[in-house]
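*Asks:* Go ahead and model the full structure; you've got the sequences and the hints to work with.
There are 6 protein chains.
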Amino acid sequence: MTTALCPGSFDPPTNGHIDVIRRTARFADRIVVGVVGNPSKRAMFTPERRVELFDAVIAGWTDNDVHIEVIAHDGLVVDLVESHDIDVIVKGLRGTIDFENEQRMAHMNSTMVEVETLFLPTSPEVSFISSSLVREIATLGGSVDHLVPPPVRQAIGETR
Amino acid sequence: MTTALCPGSFDPPTNGHIDVIRRTARFADRIVVGVVGNPSKRAMFTPERRVELFDAVIAGWTDNDVHIEVIAHDGLVVDLVESHDIDVIVKGLRGTIDFENEQRMAHMNSTMVEVETLFLPTSPEVSFISSSLVREIATLGGSVDHLVPPPVRQAIGETR
Amino acid sequence: MTTALCPGSFDPPTNGHIDVIRRTARFADRIVVGVVGNPSKRAMFTPERRVELFDAVIAGWTDNDVHIEVIAHDGLVVDLVESHDIDVIVKGLRGTIDFENEQRMAHMNSTMVEVETLFLPTSPEVSFISSSLVREIATLGGSVDHLVPPPVRQAIGETR
Amino acid sequence: MTTALCPGSFDPPTNGHIDVIRRTARFADRIVVGVVGNPSKRAMFTPERRVELFDAVIAGWTDNDVHIEVIAHDGLVVDLVESHDIDVIVKGLRGTIDFENEQRMAHMNSTMVEVETLFLPTSPEVSFISSSLVREIATLGGSVDHLVPPPVRQAIGETR
Amino acid sequence: MTTALCPGSFDPPTNGHIDVIRRTARFADRIVVGVVGNPSKRAMFTPERRVELFDAVIAGWTDNDVHIEVIAHDGLVVDLVESHDIDVIVKGLRGTIDFENEQRMAHMNSTMVEVETLFLPTSPEVSFISSSLVREIATLGGSVDHLVPPPVRQAIGETR
Amino acid sequence: MTTALCPGSFDPPTNGHIDVIRRTARFADRIVVGVVGNPSKRAMFTPERRVELFDAVIAGWTDNDVHIEVIAHDGLVVDLVESHDIDVIVKGLRGTIDFENEQRMAHMNSTMVEVETLFLPTSPEVSFISSSLVREIATLGGSVDHLVPPPVRQAIGETR
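Residue numbers (the working numbering), protein chains in the order written: chain V, 918 to 1077; chain W, 918 to 1077; chain D, 918 to 1077; chain E, 918 to 1077; chain B, 918 to 1077; chain Y, 918 to 1077.
Hints are not guaranteed to be accurate.
Ranges between beta-carbon positions, derived for each pair [to be verified]:
#	chain 1	residue 1	chain 2	residue 2	range
1	V	HIS1001	B	GLU999	51 to 57 Å
2	W	ASN1018	V	GLU986	33 to 39 Å
3	B	ASP982	Y	SER1049	41 to 47 Å
4	B	ASP982	W	ASN1018	41 to 47 Å
5	E	ARG1077	B	GLU999	39 to 45 Å
6	Y	HIS1063	E	SER1049	29 to 35 Å
What the hints contain is simulated information worked out from the structure, not anything from laboratory work. Just so it is clear, the structure is predicted and the values come from calculations on it, not from any experiment. Ideal Cβ placement from N, Cα and C applies to all residues, glycine included.
*Replies:* Structure, rendered in structure tokens:
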């Protein structure tokens, strides 16, 4: 049995994140989605709200037979590895900037705990989506309907 | 049970390839190493000899409890996915050039067969090794002893 | 009136090339597609055949009101700029490797003739397609049906 | 007739920005320079002052026969596309980091409005200039005379 | 005699910085380590404390016969070039993001003062270390013992 | 005294190569230019002819007081390090592709002999020049006058 950790700040969860989690469900038996609060960034949603949004999205997956647990966490990602019996960390890669940043983080993490980080290239049709651009567009009144899953769409609508 | 395919031309197998296979063994239950012959490149060893070299390397792993099968293949990588019940393809990434080339290949493969390609960032201490540089150095009489595993070292020595 | 030159070896034309030409048709009034034969590469089709394939593809565009001329050329791209009254060269970019190579070529060209090179980021859903991978897959018997337009699909089928 | 939009924060306008606008004037019939205020960054000049500086620069171009309009805007770039009848967005690219960021933005924008984004590789001799480095150097008392056009040079001098 | 300047914010000094300085000592006769305070970042240590930490590290090098001077500086790097008779600036490069940022800075600096910037590729085994990740891990209570030299390790321990 | 090795195939020497050597002369006391013949590439000039061309270029430098020796070599670059008392290898970098390839080579070389490789970012105005594009343009009858030094210009003219 393989347990995968998908960590991120997910503020908000986007179709890009959903793509990575759904594809991780094809080879992992259990997935922990770790919502890491980043205190240095101005948040759109609290970590707890992001967990709720993920739960609402996953609840809508009728074809899912993988156990997915979404949790908020405000420490190091490697702490989750030990507390949740994680076998592999999975991160999506959109381009070379992501690659270099995540490669560095993966090596850093492997100096603290024995864990492999696996990279999934994001699907082409969602490869340009980022939470920060979603926040920026939403703040300026633009539509992000095609960039985020329905529950997030609704939650952003309610903030207006 | 997760079966991983590690494809490559491996001409010759290097410490970088060994690093990726050993780390794949930490999360996969079974590994198929697919030695893909590349007819357009001038080869150092035949695909069959590369398989033998891999087998010799793996035979020396006393701590390995994952089933690893090494095979020569001269068609598409996706053909192996179907014939060998592969769950995931695993490729090592050394840098951004690797990333872009492998990302393209992964998307191409996913249009032909339903399979995810996972990328492992190569360990820093072997991140600069490439088969083509090993071939070039060996051809010019330089030492590649620190770049390849012992059976490959010996096989290169015998070609001189 | 703006005349755009879309140069390339196009061996064979792919859905990625078609994407760039269709989108160029949104801002240019006239397009010259320059099929540049590359004698150093082993070709799948002759430049003349590639021109025919492009013509067949374009003939099927019922919504096109831009004049598109496809020509074979075996000299420098900048020679076409002068002989065909080109205003801008347009090239698609899939990733950073393309960017660096095309940036270099653009600057080289601008030392020989006064012309701007404009880059179009390829549409995400075709951003992983390359002629060389199409050739490789087709040679090994794989399906490239989803990667190339119908006339090219048929032409590849006839070579088997 | 082609109308191009050159958007940016331009704080301050540099010789790199001027290079892109001048070269855009070679293929566009009308240019809108959209000065987008970025409230999250500490500004050197207000958006209105940046518009004045651009106007002063352009007023000095005796060889210009393209209509160039400079406007301040504090919403989404795509809003300008609709309100100003824009055909293409034009952005300069200095390197691969620019490319990946702008590629993402271009795809994001194309999900909101039907517009193509064209990239111009910045001329080599100004390819290393950035507004943020200009601000940093100017703040620390260094000379930026060779990096910005004369009106900006003078305006920075007056802030001291 | 060659005098090299190694500038940086070094907050804190890491094994990556030490690697660059030690290797610079192989070809330079005298090294100035310029600790540049960055007022826009939240600091872990004051520039003065960083100088002390560097001095403590260097004091432990029994095999060093190069004169190394560590100084705090709060202006432009190019000011140090003139005031300290610098022949070359030396910077470590971990990846392509570093390369593009440092290339830009090097060209900017060369417009202000006549000096060459030399890049050293960081040694593979420390190529993933960054001060910002060290600060982040230390703040969240993780161990950075393997990432920084002993005096820094101790100083971080005292801040807890 | 610092002796720098500038290795390359230099087929032909370009203004980009000359830029790197002239700037190396600012901090090195002695320079060895190593013309490495690459048997796998179709050459424009023999290594011996390239040495002559370099010598002709350097003979024209009236302001040069650094000893520069140009030699042909057909083995490993690291062999030159030992035979010519080299302190540092110097390579120019045009972009991120160069960086990744040269970083790999530098690490490979450092496993064979104790030598540091220093990278110089090429000057912006020659950052797009490559020998392979020069060969291609010259072969197709284009002008490379602005890309290569006068003696190379003349030698290329004589081959027509």
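*Asks:* For each hint, tell me whether it holds in the structure or not.
*Replies:* Results of checking the hints against the structure:
no.: 1; hint: V:HIS1001 with B:GLU999: 51 to 57 Å; result: holds, 56 Å
no.: 2; hint: W:ASN1018 with V:GLU986: 33 to 39 Å; result: holds, 35 Å
no.: 3; hint: B:ASP982 with Y:SER1049: 41 to 47 Å; result: holds, 44 Å
no.: 4; hint: B:ASP982 with W:ASN1018: 41 to 47 Å; result: holds, 45 Å
no.: 5; hint: E:ARG1077 with B:GLU999: 39 to 45 Å; result: violated, 20 Å
no.: 6; hint: Y:HIS1063 with E:SER1049: 29 to 35 Å; result: holds, 33 Å
Hint 5 alone, counting from the list given before, is not met by this structure.
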